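Visitor: Now for the letters of each chain:
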Amino acid sequence: MTILDKVTALLGEGAVLEAGTDRVPRVAPGSPDAVALLLGTAHQEGWRVRIEGAGTWLQSDAPADLALTTRRLDRIPAIEPSDLMATAEAGIGLDQLRQQLADRGAWLAIDPPGLAGRTLGSVVATATAGPLRHGFGPIKDHLLGVTFVTGDGRMVQSGGRVMKNVAGYDLTRLQAGGFGAFGAIVLVHLRLRALPRADVTYVLEGAREDLTQVGEDIAGAGLTPAALELVSPALARRERWVLAVRLAGSPALVAADDAGLGAASGGGRFTPLRAEEAHAFWMRLAEGFAVRPVTFRIGGVPAASDELLDLLQHQLGDEWISASPAAGAIRWTGDASVDRLQRLRRTLAGLEVPLTLERAPWPLRGAVGHFGAYREGVGPLVAGLRRTFDPGGALVVATEGT
Amino acid sequence: MDGLPTHRRVPDLVVLPGSREELIAVVRLLAALGIPFVPRGAGTGLSGGALADEGSVLLVLTRLNRILQLDQQNRCAVVEPGVVNAKLGGAARPHGLQYAPDPSSQSACTIGGNVAENAGGPHCLKYGVTANHILALEVLLADGSLVALGSPGGEPWGPDLVGLFVGSEGNFGVATKITVRLLPLPRAIRTLLADFSSIRAAGEAVSAIIAAGIVPAALEMMDQSCIRAVEDSVYAAGYPRDAAAVLLVELDGRNADAVVAETDAVTDILRESASRSVRSAANEAERERLWQGRKKAFGAMGRLSRDLVVQDAVVPRSALPQILETISTIAKNYGLVVSNVFHAGDGNLHPNISFDATDPAVKQRVEAASGEIMATCIAAGGTITGEHGVGIDKLRYMPLIFDAESLGAMHAVRKVFDPQERVNPGKVVPLHACREWISARPRAVA
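Each protein sequence line maps, in turn, to chains A and B.
Its first residue numbered 1, the first sequence is counted upward by one per residue in our numbering.
Its first residue numbered 1001, the second sequence is counted upward by one per residue in our numbering.
Read the hints as simulated data drawn from the structure, not as lab findings.
Note that the structure is a prediction, hence the values are computed from the model and not measured.
In this text, a Cβ means the ideal position worked out from N, Cα and C, and glycines have one as well.
Mixed in with the good hints there might be a few duds.
Computed list of chain B residues with no C-beta within reach of chain A, every gap over 10 Å [claimed, not checked]:
#1 1107
#2 1132
#3 1284
#4 1287
#5 1431
Ranges of calculated distance between the beta carbons of each label pair, as one might list FRET restraints [claimed, not checked]:
#6 A:239 / B:1144: 52 to 62 Å
#7 B:1019 / A:272: 20 to 30 Å
#8 B:1404 / A:238: 31 to 41 Å
#9 A:206 / B:1066: 36 to 46 Å
#10 A:379 / B:1054: 35 to 45 Å
#11 B:1375 / A:17: 42 to 52 Å
#12 B:1288 / A:303: 48 to 58 Å
#13 B:1183 / A:384: 47 to 57 Å
#14 B:1375 / A:10: 29 to 39 Å
Starting from the given sequences, assemble the full structure and let the hints guide the process.
Guide: Dropping the structure here:
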C-alpha cells in the first residue's frame, strides 16, 4: 500500500489533492480531528510531513513524504463583535476573514506581507507582522489562544477566548513564530478591534535620511499612527524613498493626529491617498515580499534602524526593503546566497540583532535555517521542546539550518 | 503565605541572596544537593504561587533590586528581579517614560514576580499585560545554567521563549535580568467617574465604549459593596454611596486634542447608557484620589471582616452583567459577602469574598462558593485567572478548562526547562489530571 492509499483509506478521497511539481502527495484534512489522525498515523508510519497553507508564502518544496495543507480548514466558528474576538480555523484566507469581520464591524489589526489568500495559520506560524505592528504590536499580541496538533497527533489547546488569560503556560506564544516546528496550528482565537471609523494614509517622498528624521519628529510630536513605514523606491514603485503614515481609529483620534501631521513634517508636505489608492499602496507593499525568492526580517533597537539599513544596503543591497523604524523592525526581500545570508546573520548577531529567515527555496533555508544558531544554552531547550511536540521528528522544518 | 490568606506553608529554609552571583551560587548548590526551591518576590501574589513546602528552600529575591540600565533613546530598561514595579516607574518618569503594567500591588510587588505571573493591572486595557512589555531575559535554570532569551529589540531569537517564560509562575527557572519596554508618558490624561443605578447598565456602558472603537487607558468597575467599603475607609474617594456601580474611565495619550475629543465621546456614551452622573477629575489631586479608592479597594475591604479572598476570573465582556448577577446569587446562597472591583474593559473579574477563616464551616462555604463562581465563568466561555496565576489555589480548576492532553503537554514543557521539577514544585499543572498520569493509572476491573 502506498502512502496515498493509506491516507485515502484514513481520510477519504476528498482529502487528497493533486500533487505539486515535486510530486509529493498533498493531503487536505477537513477538520482538526482529521489533522490529528493524519499526524498520528504519520508518526506511527515514520512519514515525514511538511505543513502548508495556501502555498502563497513559504515555498512548497521541503523534502517530505507528505504535504499536509490546511486549506480545507477554512471555517470561522465564531465572530463576536461585542466581545471583539473571533475564532477561525488555520486555513482561512486572510482576505476572506477580513471581509467577514468587516461585515460585522470588527477588525483584525494585522497586515502581514504576502498575497491576499495567505492563510491565517501561515501568518501565525511565521509571526510575520506588517506595518501595523507600529501601532498594534506583533502578531502574538493579536492571539488569545490556539489549538494545535503535535507531530505525533495529539491535539493541544492553549490560552482561550477571553482578553486576559494566565491559566497554564503560554504555549500560544511558542506557536506564534515557531514555523510549525512544534505542531500544526488548526484553530486560532483572535483579539479584534472595532473597525476603524476613520482610516487615512499619507505618503511623503524624499531621501531616506530626511524621511527618517520626519518619522522621529512624528513620534516626538506625540502622534499615534497605526503604521509609520519607510519603504524603498522599488517596493513603493516611486522615484524616491517613501514614508507612509496610516492613521486609523476613532474619528476624534484620527482628526487630532491628522492636524498634527502637517506640523510634524514641517509644513504639510505629505500627500493624502484616496481610499482606493491607500488600499493599493499597502497591498503592493505586502505582495512585494512574496514574489522574490528570499525574504527575511531583522529586529533591532529603534535607534539602530539607520545603521541596520546601511548594513543591509552594504551587504545585500536595499532595493526591496521596508522598515518600521520606531519598532526597530526591517524586512528585506530579493535574491541572496547561503554564504551572504550566513555572513549577514553573523554580523547582526554581533549587534544582538536576530535575523529570521521568512521565505527561501529549500536548499537555502535548509542550509541557513529560519533561526540559525541559537545563543548559548538555548539550543538544548529548543531541541527539548521539539522532542516534546514532535517526538518522532515527523515535521519537516528548517529551524537551525545545517 | 502570600496575599491570599487561605494557603499557608512553612519552608525548611529561607535564603535572601544579595547579588546575582550569590543567587547563582545558591541555585547551583541546591542543584548539586537535589533540593527543590521556590523563587519569591515581595509575596504579594494572590494564588499561593510563591509558597514553599517543608523540604523546599524559599529563595527571596527582594535584595536583587537594582535598575541596571535605563535607555531613554531606545525606551527600555534592564532590571534585577527584585526591583519594585512602582520604583521602576518612578525611575523612568524623569526621562518622560513609563513602565505600563500597574498591578494594584505595584507599590510593593516586584518585576520578577510580575514576569512570573504575567501580571496585569488597570491600565493593561490599553497598554497590554506584562508579556507585552518584556523584551529579553537572562534566566537561571534549575540546574544552575544561565540562558539568554530574546533580544534588546524584542524580536525573538528563534522561537519566542521569552513569551513562553513569562507567566510560567517560576516553574521554568529564575529571571536574573529582565529587559523591559518603556513607553512615552502620556501628555494628557482625563479621568471620568460615572455612576449607575444598576450593574447591568454599567456593564452595557462598557460594551458601548469598546464598540465605539475607543480604547480607554483603563475602564474599571466597582459595585455597591466595594464602593461603601472604600467610602468607609481612609481611602474614601467621593464615590456616590447609593450607586449600584461606578465606572472609572481614564483616557490618555500623547496628543492632547485627541484625548479631549475621545473624552467627550466617552462622556456622551456614558450619558446615553443611563449613567446618573459623569464627573471629570478637575485636577491631578482629584484624579489621584479617585484612583486611590480603586487601587486600595482590596485594603478597604479588609475592614469588612478578618479575611478576604480576592478571586480572579475572566469572562467575555458581553457576559459581565449576567455573570455579576449570578455571582450575587451564589453569594446569597452561601450567606457570604461578595464585593466586586474589577477590570471591566477586558472582562477581568475580581469577586472578593469577606469571611472569617477561623471558622472551618465558613471557610468551607467560601471554597464552595469560589468553585461555583469559577464554574459560572467557565460556562460563559471564560477562564479561571486573568492575572493572578494558577499557583496552588487554582490547580483544582485547571482540568475544567484544559483536557488531559493539553495539561500533559504543559507538564512536558516544564520538564524541558526543569527535568527534575525542583523549581516551585506542585504549582500550575495538576499532575493527576495529565494524560500520562491518567493512562498510567491501573484500570478499574468490572
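Visitor: Mind listing which of the numbered hints don't hold for this structure, in increasing order?
Guide: Hints 2, 7, 8, 12, 13 not satisfied by this model.
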